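For the record, the sequence lines run as chains B and G. In terms of full-length UniProt numbering, the first sequence has 292 at position 292, counting the first letter as 1, and numbering is strictly consecutive. In terms of full-length UniProt numbering, the second sequence has 53 at position 53, counting the first letter as 1, and numbering is strictly consecutive.
Please keep in mind that the hints were generated in silico from the structure rather than gathered at the bench. Any given hint could be a false lead.
[Claimed, not checked] Pairs of lysine to aspartate or glutamate residues, derived as EDC-like cross-links and limited to a Cα-Cα distance of at most 16 Å, are as follows:
no.	chain 1	residue 1	chain 2	residue 2
1	B	K7	B	E27
2	B	K7	G	E22
3	B	K7	G	E45
4	B	K7	G	D4
5	B	K2	G	E22
6	B	K2	G	D4
7	B	K2	G	E45
8	B	K7	B	D53
9	B	K7	B	D26
10	B	K7	B	E23
Small disclaimer: the values here were computed from a predicted structure and weren't measured.
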Amino acid sequence: MKPASFKYVAASSLDHALALKAEHGDEARFLAGGQSLIPAMNFRLARPSVLVDINALTGLAGIDHSETGQVRVGALTRYRALERDRDFLTSCPLFADALPHIAHPQIRNRGTIGGNLSHADPASELPALAVAMQADMRIRSAAGGRTVAASDFFAGLLTTDLASDEMLVDITFPVLAPRSGACFMEIARRRGDFAIAGAAAIVTLDEERRCTSVRLALCGVGETPVDASAATSLMIGSRVTGEAIDAVAAGVRELIAPSGNVHASPDYQRHVAGVLVQRAIRTAHQRISHAA
Amino acid sequence: MQPDHHEIELTVNGTHYRRTVESRLLLCDFLRHELGLAGTHVGCEHGVCGACTILLDGDPVRSCLMLAVQANGHTLATVEGLAPAGGELHPLQQAMHAHHGLQCGYCTPGILMTMTAYLTEHPSPSEDEVREALSGNLCRCTGYQNIVDAMMDAAARMREAP
Numbered sequence: 001m002k003p004a005s006f007k008y009v010a011a012s013s014l015d016h017a018l019a020l021k022a023e024h025g026d027e028a029r030f031l032a033g034g035q036s037l038i039p040a041m042n043f044r045l046a047r048p049s050v051l052v053d054i055n056a057l058t059g060l061a062g063i064d065h066s067e068t069g070q071v072r073v074g075a076l077t078r079y080r081a082l083e084r085d086r087d088f089l090t091s092c093p094l095f096a097d098a099l100p101h102i103a104h105p106q107i108r109n110r111g112t113i114g115g116n117l118s119h120a121d122p123a124s125e126l127p128a129l130a131v132a133m134q135a136d137m138r139i140r141s142a143a144g145g146r147t148v149a150a151s152d153f154f155a156g157l158l159t160t161d162l163a164s165d166e167m168l169v170d171i172t173f174p175v176l177a178p179r180s181g182a183c184f185m186e187i188a189r190r191r192g193d194f195a196i197a198g199a200a201a202i203v204t205l206d207e208e209r210r211c212t213s214v215r216l217a218l219c220g221v222g223e224t225p226v227d228a229s230a231a232t233s234l235m236i237g238s239r240v241t242g243e244a245i246d247a248v249a250a251g252v253r254e255l256i257a258p259s260g261n262v263h264a265s266p267d268y269q270r271h272v273a274g275v276l277v278q279r280a281i282r283t284a285h286q287r288i289s290h291a292a
Numbered sequence: 001m002q003p004d005h006h007e008i009e010l011t012v013n014g015t016h017y018r019r020t021v022e023s024r025l026l027l028c029d030f031l032r033h034e035l036g037l038a039g040t041h042v043g044c045e046h047g048v049c050g051a052c053t054i055l056l057d058g059d060p061v062r063s064c065l066m067l068a069v070q071a072n073g074h075t076l077a078t079v080e081g082l083a084p085a086g087g088e089l090h091p092l093q094q095a096m097h098a099h100h101g102l103q104c105g106y107c108t109p110g111i112l113m114t115m116t117a118y119l120t121e122h123p124s125p126s127e128d129e130v131r132e133a134l135s136g137n138l139c140r141c142t143g144y145q146n147i148v149d150a151m152m153d154a155a156a157r158m159r160e161a162p
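The shape of chain B in the complex, shown without the other chains (with noise of 0.2 Å):
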């Protein structure tokens, strides 16, 4: 036995859930996928007092594609589930990009988004595609309800806006919008391993080819996803060039300022941004597809 000990109980119902974190506080942690949770609670960095199981609450997990022009993922929604649902990763193609670099297809059978997004991990992919495609997470807490928007739901290392009653229970990602293409990239020690660095890519055209919005976002270069957004001011207005793409890239490297780990520097890091940020946005722009 790894863990230290616990008082382990399965929710019967999201009230249910909820009522038990807001009697623990931060003593309580909710265990769903639990492939960052438990870990931490083998090597005993992680010791909470109260583990409230919500995997019986089916009712958090599913893909909603009713609403037009947005996609509602349950928290509960495993990865698996998510590489498995053709129309969502035509609706947001980041995922279909994203999903395969997070570890392996165990891990993927078990982890689920929102334990993924509270978790926060700075090298995390999908912090980062929250961040760049400006989606909104839906709170809950036994007190009531609160959405917040990506940007400002990820607070620190592995810190979020979620306050100790809370709940993230669903996001709400926007679908990709018409003549725009999606790319993310990033570049890891090993196949599944953490990323050294990450890019998320949104190039959006006007019926002349010229840029009207790019979306980008880091990942693994800070202790929290950065959007780099507003490094690609210069594209917009114009039809896409190799000489803005290489601006942008060297804009976003001195927006950024990574921390570097035993696997690279914080020049390798900021160099190997670069290069992604150069990369993702070349191919979202050639993914545009006229006829969309």
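Use these hints to put chain G onto chain B, whose structure you have.
For chain G alone, coordinates are given in the frame of chain B:
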């Protein structure tokens, strides 16, 4: 803190079990120590190596990243269930044997459980796809080449005799 115990019921390789477990007991340790199914190996105990991979309701998962209490009501498969005792080996096991896909064998049960599920879902994979599917199982002996050869052969065997 007082030990926190729960009664669980589950099916492993077709056999129904009812046990009382402490909540902090990992599923891999439950399988090995409580049920005596020591074919599931324990390597890193934080989800990286893949040695402890089992099937949970048909899908490969890390049994070191689940609590035994979470398996309550579920159907599990471990390497012991792949072939009947004394009977013919599973095509994947036959291919691993034929291609010398193991040396020390520590990673083998996890690879077998990962790949039986994978080949059932993807009967005609490319070699690159097999390598991708194997990416969550570390082998420190073979360099993977013989494992990949075994998987390509096993896929062919399984296509012929489903």
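Verification of the hints:
1. B/K7 with B/E27: 11 Å, holds
2. B/K7 with G/E22: Between B/K7 and G/E22 the Cα gap is close to 9 Å, so the pair holds against 16 Å.
3. B/K7 with G/E45: The given pair, whose Cα atoms are some 21 Å apart, is violated under the 16 Å limit.
4. B/K7 with G/D4: 6 Å, holds
5. B/K2 with G/E22: 12 Å, holds
6. B/K2 with G/D4: Since the Cα atoms of B/K2 and G/D4 sit roughly 15 Å apart, the hinted pair holds (cutoff 16 Å).
7. B/K2 with G/E45: 9 Å, holds
8. B/K7 with B/D53: Roughly 11 Å separates the two Cα atoms, so the pair holds.
9. B/K7 with B/D26: 14 Å, holds
10. B/K7 with B/E23: 14 Å, holds
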